[in-house]
Amino acid sequence: MHVPLVLTDFLDRAVELYGDKVAVIDGERKFTYSDMNRRVNRLARGLKNAGVEKGDKVAYLAPNSVEMLEGFYGVFSVGGIMTPLNTRLKPEEYRFILTHSESKVLLVDHELLHLVEPILDGVPALEKVVVHGDYSGKHANYEEWIASFGGDPFNREPLEETDIASLLYTSGTTGEPKGVLLTHRTNYLHAMSAMHHLRVSDRDTLLHVLPMFHVNGWGSPFYYTANGATQVMLRKVDPKKILQLLHEHNVTVMHMAPTVLNMIFDEFEANQEAMHQQNVRVIIAGSAPPPAFVRKVEEGLGWEFVQVYGMTEIAPLITTSVIRSAGKEIELEDQYRLKAKAGYAMIGSRVKVVDERGKEVPRDGETTGEIVTRTNTVMEGYFKNPDATSAAIRDGWLHTGDMATVDADGYIDIVDRKKDVIISGGENISSIEVEGMLYEHPAIVEAAVVAVPHERWGEVPHAVVVVREGAEVTEDELIAFCRDRMAHFKAPKGITFTDELPKTASGKIQKVVIRNAFWKDRDRLVQ
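What the sequence shown shows, in UniProt numbering, is residues 1 to 527, in sequence order.
By construction, these hints were calculated from the structure, which means they are not laboratory data. A hint or two may mislead.
With a cut-off of at most 30 Å between alpha-carbon atoms, the simulated DSS-like pairs for lysine-lysine come out as follows [claimed, not checked]:
hint: 1; residue 1: K236; residue 2: K90
hint: 2; residue 1: K418; residue 2: K352
hint: 3; residue 1: K296; residue 2: K240
hint: 4; residue 1: K30; residue 2: K48
hint: 5; residue 1: K90; residue 2: K138
Using the sequences provided together with the hints, build the complete structure.
In structure tokens form, the structure reads like this:
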């Protein structure tokens, strides 16, 4: 029997088993799964009325909100393709994505409307704009619009699991953004694997910290909905607000970037008397943190730290660092060291680290290669970009561009992005390793290490750091600190102090912005 794996099944299950349970909390608004389902039915009818047909793109520009969550299931109900937009782009970037994606309808939050208003007339395929929140104007108001349609069961467009569900645009830091095509099957199988490894259940309350347009910000709603978990919305990253919502709603799990967790820890330390510990799993993706950071989270906050690894092109998670049952006692410090790694393959994914000839590197924890993966969750390709698709997927394996080592137990440890490896005088230097050393210094709260030009060595590591409030440290002290603890050629040759590092909407440090500032007067980046 063939039963298509389609994402609307997840909401159906939640409504059947958890209909009267609170599904979403968005500020003062609360909706049960039955409430949410009726709203989704109204949205689906609205989209159908707007002319959305199977295969049409529906774009969303919104913070984490009930409207954004409803969007996934409403769009899928009419056979549409969900196209979330990064909330930190410029108007011309929105013009490119909306035009390239051929989006037919745009739903936008009232606080973000000004970002797209100047370019809307120049988007050929766009036929309707609907605005979330407190809005009155020439476009449709979301609540008034969906209220004009019935909430009874909607006759959905028949779907096959191979139909495209989502079109997700990468950051475009090395050129125009690329649109990643993911099917219902891809997202469904990823959800099944992720919910197992992250131990998601109906007893969970998720705080949506990652923006839902971002990697696994759009993946997590599927498996938390499938399990009937309560989902709490966070519109903007604010450590005080995160801790407030955490305790107010007894949150049990959050997904975020390491920089956001660092902000939370600083806030926790500053207001420790007003806080209380609770059982929380924090799922971290991004640059691998040093073991000392893991220790700080688990011992200081009392939270469980789970490192995962993935990317948009793989829907997105393929590894986890949860300690495996090994039949032997693992010392606490060794546990922290393992948890800081990208980890091992999740069910359904094959993951290897290979050299330039495609041969697996030795499991010695030292030899560096590129992470490649073969899995049911690999993208169908980049929309309208066959050349980029062929460059990424070769011989049946997706090449991630991330460099890593593998230890004797199969734990993968990311060394760097290919473009972030510093080659100084012929020696490869991991920027992540240098950053990890800087984080060991008590005065440093954030650090980014990039290559800067050097007349003799071609390029050398340079650190841009944020100093903890109330702390003092000099450039010479930081350089000496690193030189005392690592090979001298790896230590930063210079330090820049700053109040804030540039970040993406999800809190990931934008090294390309930092690096470009040092290379702007050069003809090319030496890498």
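How the hints compare with the structure:
1. K236 - K90: This hinted pair holds, its Cα atoms lying about 18 Å apart.
2. K418 - K352: Holds, because 16 Å separates the two Cα atoms, which is no more than 30 Å.
3. K296 - K240: Judged against 30 Å, a Cα distance of about 19 Å means the pair holds.
4. K30 - K48: holds (26 Å)
5. K90 - K138: At roughly 22 Å apart (the allowed maximum being 30 Å), K138 and K90 satisfy the hint.
The structure agrees with every numbered hint stated previously.
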